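Q: Given these sequences and hints, build the entire structure.
The listed protein sequences derive, respectively, from chains P and F.
Residue numbers for the first sequence follow my numbering, beginning at 1 and rising by one.
Residue numbers for the second sequence follow my numbering, beginning at 248 and rising by one.
Incorrect hints may have been included.
[Stated by the list, open to error] If you want the footprint, here are the derived chain P segments under chain F, 3+ residues with CB under 8 Å:
#1 107-113
#2 177-187
#3 214-228
It is worth saying that the hints were derived from the structure and are not from the lab.
Computed from a prediction, not measured in an experiment: that's the story for all the values here.
Just so you know, even glycine gets a beta-carbon here, dropped at the ideal spot from N, CA and C.
For reference, the chains in residue letters:
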Amino acid sequence: MKRFLPNLLRLAALILLIAFLVHPELFEPLLKPLVQANAPAIYNQGSLLSLTLSHLVTVFTATFAATLVAVGLAVLVTRPVGAEFLPLSRSLVNIGQTFPPVAVLALAVPIVGFGEKPTLIALFLYGLLPVFENAMTGLSTLPKAIVEAARGTGMTAWQQLTRVELPLALPVILAGIRLSVTISLATATIGSTVAAKTLGEVIIAGLQSNNLAFVLQGGVVVAVLAVLIYDAFSAVERALARRAGRV
Amino acid sequence: MGFRIDKLGVVIAALLAYGGFLAPFANFRANRIVPGEARWIIEALPAGYGAALLAFIAVAIALILLKTPTLFRLVLGLVALLALAVLIGVSAGHLTPPENTYARVSPASGFWLSSFAFALLTADALARLRLSPLARIGLLLAVAATVAGLLVSGIWDGLSILKEYGSRAETFWLEAGRHVVLALGSLAAACLVGLPLGILCHRVPSLRAGVLNGLNIIQTIPSIALFGLLIAPLGWIALNVPGASALGIRGIGAAPAFVALFLYSLLPVVANTVVGLAGVPRDANDAARGIGMTGRQRLFGVELPLAFPVILTGIRIVLVQNIGLATIAALIGGGGFGVFVFQGIGQTAMDLVLLGAVPTVALAFAAAVVLDAATELSNSKRGRAA
Numbered sequence: 001m002k003r004f005l006p007n008l009l010r011l012a013a014l015i016l017l018i019a020f021l022v023h024p025e026l027f028e029p030l031l032k033p034l035v036q037a038n039a040p041a042i043y044n045q046g047s048l049l050s051l052t053l054s055h056l057v058t059v060f061t062a063t064f065a066a067t068l069v070a071v072g073l074a075v076l077v078t079r080p081v082g083a084e085f086l087p088l089s090r091s092l093v094n095i096g097q098t099f100p101p102v103a104v105l106a107l108a109v110p111i112v113g114f115g116e117k118p119t120l121i122a123l124f125l126y127g128l129l130p131v132f133e134n135a136m137t138g139l140s141t142l143p144k145a146i147v148e149a150a151r152g153t154g155m156t157a158w159q160q161l162t163r164v165e166l167p168l169a170l171p172v173i174l175a176g177i178r179l180s181v182t183i184s185l186a187t188a189t190i191g192s193t194v195a196a197k198t199l200g201e202v203i204i205a206g207l208q209s210n211n212l213a214f215v216l217q218g219g220v221v222v223a224v225l226a227v228l229i230y231d232a233f234s235a236v237e238r239a240l241a242r243r244a245g246r247v
Numbered sequence: 248m249g250f251r252i253d254k255l256g257v258v259i260a261a262l263l264a265y266g267g268f269l270a271p272f273a274n275f276r277a278n279r280i281v282p283g284e285a286r287w288i289i290e291a292l293p294a295g296y297g298a299a300l301l302a303f304i305a306v307a308i309a310l311i312l313l314k315t316p317t318l319f320r321l322v323l324g325l326v327a328l329l330a331l332a333v334l335i336g337v338s339a340g341h342l343t344p345p346e347n348t349y350a351r352v353s354p355a356s357g358f359w360l361s362s363f364a365f366a367l368l369t370a371d372a373l374a375r376l377r378l379s380p381l382a383r384i385g386l387l388l389a390v391a392a393t394v395a396g397l398l399v400s401g402i403w404d405g406l407s408i409l410k411e412y413g414s415r416a417e418t419f420w421l422e423a424g425r426h427v428v429l430a431l432g433s434l435a436a437a438c439l440v441g442l443p444l445g446i447l448c449h450r451v452p453s454l455r456a457g458v459l460n461g462l463n464i465i466q467t468i469p470s471i472a473l474f475g476l477l478i479a480p481l482g483w484i485a486l487n488v489p490g491a492s493a494l495g496i497r498g499i500g501a502a503p504a505f506v507a508l509f510l511y512s513l514l515p516v517v518a519n520t521v522v523g524l525a526g527v528p529r530d531a532n533d534a535a536r537g538i539g540m541t542g543r544q545r546l547f548g549v550e551l552p553l554a555f556p557v558i559l560t561g562i563r564i565v566l567v568q569n570i571g572l573a574t575i576a577a578l579i580g581g582g583g584f585g586v587f588v589f590q591g592i593g594q595t596a597m598d599l600v601l602l603g604a605v606p607t608v609a610l611a612f613a614a615a616v617v618l619d620a621a622t623e624l625s626n627s628k629r630g631r632a633a
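A: Next comes the structure, spelled out in structure tokens:
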């Protein structure tokens, strides 16, 4: 029952968020004091709901692709076949994290043009690192006894990987995906500087027309989404860890 | 001893083969805006140079494919990177017609891929050599000195990114200064506030969850929104608090950027201080208490020194993150390298984007190397003391 109050707050946040996205005009009196007399208090250059959806689609497409590639690479470098790649992959992860997202975004533009694509590329590259790092840690720190036991029961290498190693490393991998999604949710807003359809459009429109209400609603929607998704991932991880503990 | 194939070498050699033989080396544009025309190595370099470079790449591919000593691979990687850096400058001089100030020459995909391949070779060799922290800093300084030397020598002057620099040299250094002040200043402020806050959270457990959760939520606000949201309160302060505007506090500009970076920096500093202090062995504390140290003496003489490596890791995260985030400050008039990035995006002038992006990446990278080395040094010192 200790989780009751936080869960109630999360539910309330979710309901408020959906209500705001579907009927933003209901919230106009709240945002009105933030703008000058004749300026609109609710974003009026497009539907907030459709921007939010395309924001989420962009983030999840990029994270999904990043997860597939990162877990695949992590599996490869933790097998004996790929052991030669391990030191380099570690240092690449470290170096990659020093690249600022804006730089990645800006450098992707000459290659793929304006719009969604540079954002997807930047989010994909940026999302690789946390997932790869965690998957590598998860797969290389499994208890030796369990892996030995799996081999002892006559499992093939593929069975060992899919039935023992990946399931056991799953909570750690999920933690990486969670980190990746939360970073991407915020970074995707920068994508709107190169014309991607994300909630960044609302914020940038607010910055350009000096409209604080726009900046606030764009920022708060992204932040609430990030908190809710972060919590949802944490809940799944806890459930998985519990199940793994019992088995 | 037989010849054995290096698996990583296969990947690097494939990149190099494509970058050297199939992809264009340089891009030539009649002026700043028109689309470029690709030039392959043979066309991009003066007679002799091109053939020599191709031969060098072919030999390098063979050497990289085979298992060769790590130190040799490191030297090969560094020499090749230096050669490419010099030759791209030569190519710019060769491709630009004499007396033509409009033509632009920029590195093309082949140059970038070959450089990337040799950088991978170097990074792999460095990772395998496990250099000591001081040796890594020494290498970083040597690389920085080489780049500075190349810049001063004027060999790169024909490249488009330096032409962009040439037409705004003064602004460049002004924005560079602003960038560094934003990144380092907000880090310093975050340490001044974050360290005591972390110590407080360590001492008063009931505060811990609340403070850390609050700081966590700040991290989820997208940077451009946080920058924008601070415009209003700071504008209000500038108008209503006497003396505030004299200090440079304004609604737009550097002040909201500084405050936003400061807020983002707090979480890693506070969280790592708490984790570091929590990791101090109970024995060490008991021993200190046993010899009659006061609470304050224990904090400064025992707990903080022991927690220092962990705190330093937090500072590394903050510094690298701040150097990257400071680019966003340009969106609200806060200056920094982001000015060039966003101007470049606006004018679809990629050389201008690079003029902002390259120094940012270089700064972040250097900061990461230096602070990683410092963390390792403080860790080994701690190991020796214990």
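Q: Work down the list of hints and note, for each, if the structure agrees.
A: Tested hints:
no.: 1; hint: 107-113; in the structure: holds (count 3)
no.: 2; hint: 177-187; in the structure: holds (count 4)
no.: 3; hint: 214-228; in the structure: holds (count 9)
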